[in-house]
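Chemist: Each chain, letter by letter, is given below.
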Amino acid sequence: MKISSKKFDLDDVEISWCPGCGNYSALKVMKEALTDLEIEPHELVLVSGIGQAGKFPHFIKAQSYNGLHGRYLSAALGIKASNPELIVIAVSGDGCTLSEGGNHFLHTIRYNPDIVNVLHNNQVYGLTKGQASPTSQLGFKTKVQVFGVINEPFNALAVAISLNASFVARAFVGDIDKTKDILKEAINHKGYALVDLLCPCVTFNRVNTFQWYKENSFYLDEAHDPLDRMKAMELALDTNKLALGILYKNPSRRPYSENVRVYNEDKRPLYQRDLDKKKFNQLLESFK
Amino acid sequence: MVNIDMRKDDISIVLCGAAGQGVQTVETLLTKTLKKSGFFVFATREYMSRVRGGVNSTTIRVSSKSVRAFVDRIDILIPLSEEALPHLKERISPQTLIIGEKRFIEVLPNLKGEKIEIPFEELSQHIGGKIYSNIIALGAIMRLFKADNKVLHGLLSENFKSKGETIIENNIKAANKGYETADDLLKNHIFKGEFEIDRVPEVANDYIIDGRQAIGLGAIAGGCNFACFYPMAPSTGIGTFLAQHALEFGMIVDQSEDEISVINKALGASYAGARVFISTAGGGFSLMSEGISLAGMTELPLVVVVGMRPGPATGMPTRTCQEDIDLVLYAGAGFFPKVIFAPGSIEDAFNLTQKAFNITQKYHVPVFILPDQYLIDSYYNINTLNIDALEINKNLIKTDPSYERYRFTDSGISPRGVPGYGNGLVDADSHTHNECGEITEDPIIRKRTVQKRFKKLGLLRKAAIPPEFIGSKNFKYLIISWGSNYYLIKEALEKLSRDDVAFLSFKQIYPVHSSVFEYLIKAEVKIAIEQNPTGQFAKLLENETHINMNHRILKHSGYTFSVEEIFEKLKKIIEGDENI
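Residue numbers (my numbering), protein chains in the order written: chain A, 1 to 288; chain B, 289 to 868.
Hints should not be assumed to be uniformly reliable.
To be verified - Simulated crosslink set (DSBU-like; lysine-lysine; CA at most 35 Å straight-line): (1) A/Lys7 <-> B/Lys686; (2) A/Lys7 <-> B/Lys735; (3) A/Lys279 <-> B/Lys451; (4) B/Lys783 <-> A/Lys279; (5) A/Lys288 <-> B/Lys783; (6) A/Lys277 <-> B/Lys686; (7) A/Lys277 <-> B/Lys783; (8) A/Lys278 <-> B/Lys353; (9) A/Lys279 <-> B/Lys859; (10) B/Lys451 <-> A/Lys278; (11) B/Lys682 <-> A/Lys190; (12) B/Lys750 <-> A/Lys278; (13) B/Lys783 <-> B/Lys810; (14) A/Lys180 <-> B/Lys686; (15) B/Lys686 <-> A/Lys184; (16) A/Lys279 <-> B/Lys686.
Don't read these hints as lab results, they were simulated from the structure.
Take these sequences, add in the hints, and give me the full structure.
Modeler: Here it is as structure tokens:
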């Protein structure tokens, strides 16, 4: 029996994506994954930046933080660090994550906060109407890149594996069931979990269509060992045929909220804590 | 025999050498020993932006009464390198006693000032080498003040505890050697340099706290539990201080990849209910500007320290100025209310930082604290920091399913919930949003959100800290200043000793308290004193009150005003005015 994912639906919300946008499937699959994992809307914080994917939190019932373009991973890290009891899912596009927020992407991986990072990757800018994104293919023509893209595409998965990200996966919204499984694994993972979600833009990217992704991807089979970092890197670097599934996992990395030690003895989130005046007075005495 | 007219109750000692020579250790031990011996002490540093070499100096004042300002005057100078005398020549007078190695004191043969050679390095050879020469100098100074040798021995033992018994013993030997050498010089009448400063026994129990520690302590006392920064002078030490006490107080202290991440992490943490604190300087703050406007839009509490150093761009990293009011006042796209504090004392640095946390939690606006390098790097003994009376206001409500984060209220303040406390939903959005935080482009809602922000500015204006008035009510001349000029001006006015000159000092820069009108209207001559090239605060007051200043005393060399400098400039203005 299928449990209804209606608890994540918002009343009276007008979804502003184009008809046929890959984001609709992404939204559906997210709601279903959350429902399967028996997560309640108030336990979940959805964090996003700016872009079409950045609107995600507005179309799903949850705690939400829709911050600045490129900065959402820093915000997500701050939220999770301050209250580890919250489930934090950070969603934004390839432009927000890898261009405006490139530096935060790199460093968030180093921190390893226990968050899921769903990177909606459509290889084009949607909100600003069709310019190239950092993941656009070489030669991809737009009104700005009139002779085609000349800059090497940003390989988010290879970068994440090189930084020893603790969970690195790729999924394709054209396949709801498998994407849901990957998302659920990402949510259950303790540490930073990157899901590069191939999510076609039907308006501005006529090259990398649903059909194109289907033809240019394949699922990793059971023979793939996600603990094998070199193999994972090899798969990530192969952009001719895009590997789908969990490429890499490093279970030995501890999440940031454990590394900072403030929760070792006191599990309470920061908002519940108070100043220890006795300790403060002791500290003050040391200045005599 | 060297004969110097010793100021009996107020001595200024300057130590000057290269970075990495251990001057700071001597300075700390010196001020602590003198304080514990019952003297009032003050110290401030000026230093180059380098880790080794160059030339840096520390000015220490020792007195029987409270002294809290930088003076140009040098009574005792201990040069520790060849560069010392050329560096300080403008401050050396015939009354300056210069004590040290022959090769350091004879650099400028024509320099006025009395020179006494003590071969610290040679003396140190009998103890264990050159590294002890600074402690010998320290012992010699202690003798001049007849400071308690036991106190110094105790501090040396504590300071070198981790280095082992032999090192402690050698340091005590070195201090004694210095003490004895100075004693011999005095007994043999080589010079007359013994000070008879009255001791105030209660001072021994005072705290010695510098600007960065006061701000750090204020943050802890404000309930800070999430602090984030990227290293940048002059504010780095605040983050370092908090990091060292992080576990003790359950704080997360994070050094982030850049200032953009700093402010966005902080706002995320604030959204989740942490009490957040970030510190930077002008350049780093420029990167935060977008995040500041996010704080304005999302109404998330945030405390920001902007340590001031001269710009533009990298400017002079380790020098001082007061030129970031405009930067902070206008930071961030669009209109939103904010509060700006500027501490004038160590106590202010503590109290204002602590208060900033409560203000931001109450009004949900960013609160800024603007210390300058001079204040951050200065310290003196203070009697008390009373924290028992301090309150920590969280102003959080438990949410239910009907909760709306941005509900329109009469006051403009919407009750604040945080995710996880209750089962309601808390939304934060960088877009213009409706009461529950959803994106909107409705012109009526947009107007109401602007009104909401105006209402809060009005409340903040009413809650502003009034300026402190110092002087006689029958003033003709009114000095207007802010921040760390406080004690410099106070001491200059004591020297000026006129009952027609008063001083209005601001520790809240914005919004300005309404009492400013009556003072400005009453004053015949208004003199603004600031350490920036345009008079940024004067301009702000002129804009707010439409009353113009008559004079501006401005300094923008990167080095603080001295008491003497302010005294001279004020005297000139007032005498000039009287001759008209």
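Chemist: All hints are to be evaluated individually against the structure, with a verdict given for each.
Modeler: Consistency of the hints with the structure:
1. A/Lys7 <-> B/Lys686: holds (21 Å)
2. A/Lys7 <-> B/Lys735: holds (33 Å)
3. A/Lys279 <-> B/Lys451: Answer holds: lysine 279 of chain A to lysine 451 of chain B is near 28 Å, not above 35 Å.
4. B/Lys783 <-> A/Lys279: violated (42 Å)
5. A/Lys288 <-> B/Lys783: With Cα atoms ~31 Å apart, lysine 288 of chain A and lysine 783 of chain B stay inside 35 Å; holds.
6. A/Lys277 <-> B/Lys686: Holds, because 25 Å separates the two Cα atoms, which is no more than 35 Å.
7. A/Lys277 <-> B/Lys783: violated (41 Å)
8. A/Lys278 <-> B/Lys353: holds (31 Å)
9. A/Lys279 <-> B/Lys859: violated (49 Å)
10. B/Lys451 <-> A/Lys278: With a Cα-Cα distance of about 31 Å, the restraint between lysine 451 of chain B and lysine 278 of chain A holds, given a limit of 35 Å.
11. B/Lys682 <-> A/Lys190: holds (31 Å)
12. B/Lys750 <-> A/Lys278: Holds, because 34 Å separates the two Cα atoms, which is no more than 35 Å.
13. B/Lys783 <-> B/Lys810: holds (24 Å)
14. A/Lys180 <-> B/Lys686: holds (33 Å)
15. B/Lys686 <-> A/Lys184: holds (30 Å)
16. A/Lys279 <-> B/Lys686: holds (29 Å)
Checked against the numbered hints given earlier, the structure breaks hints 4, 7 and 9 and satisfies all the rest.
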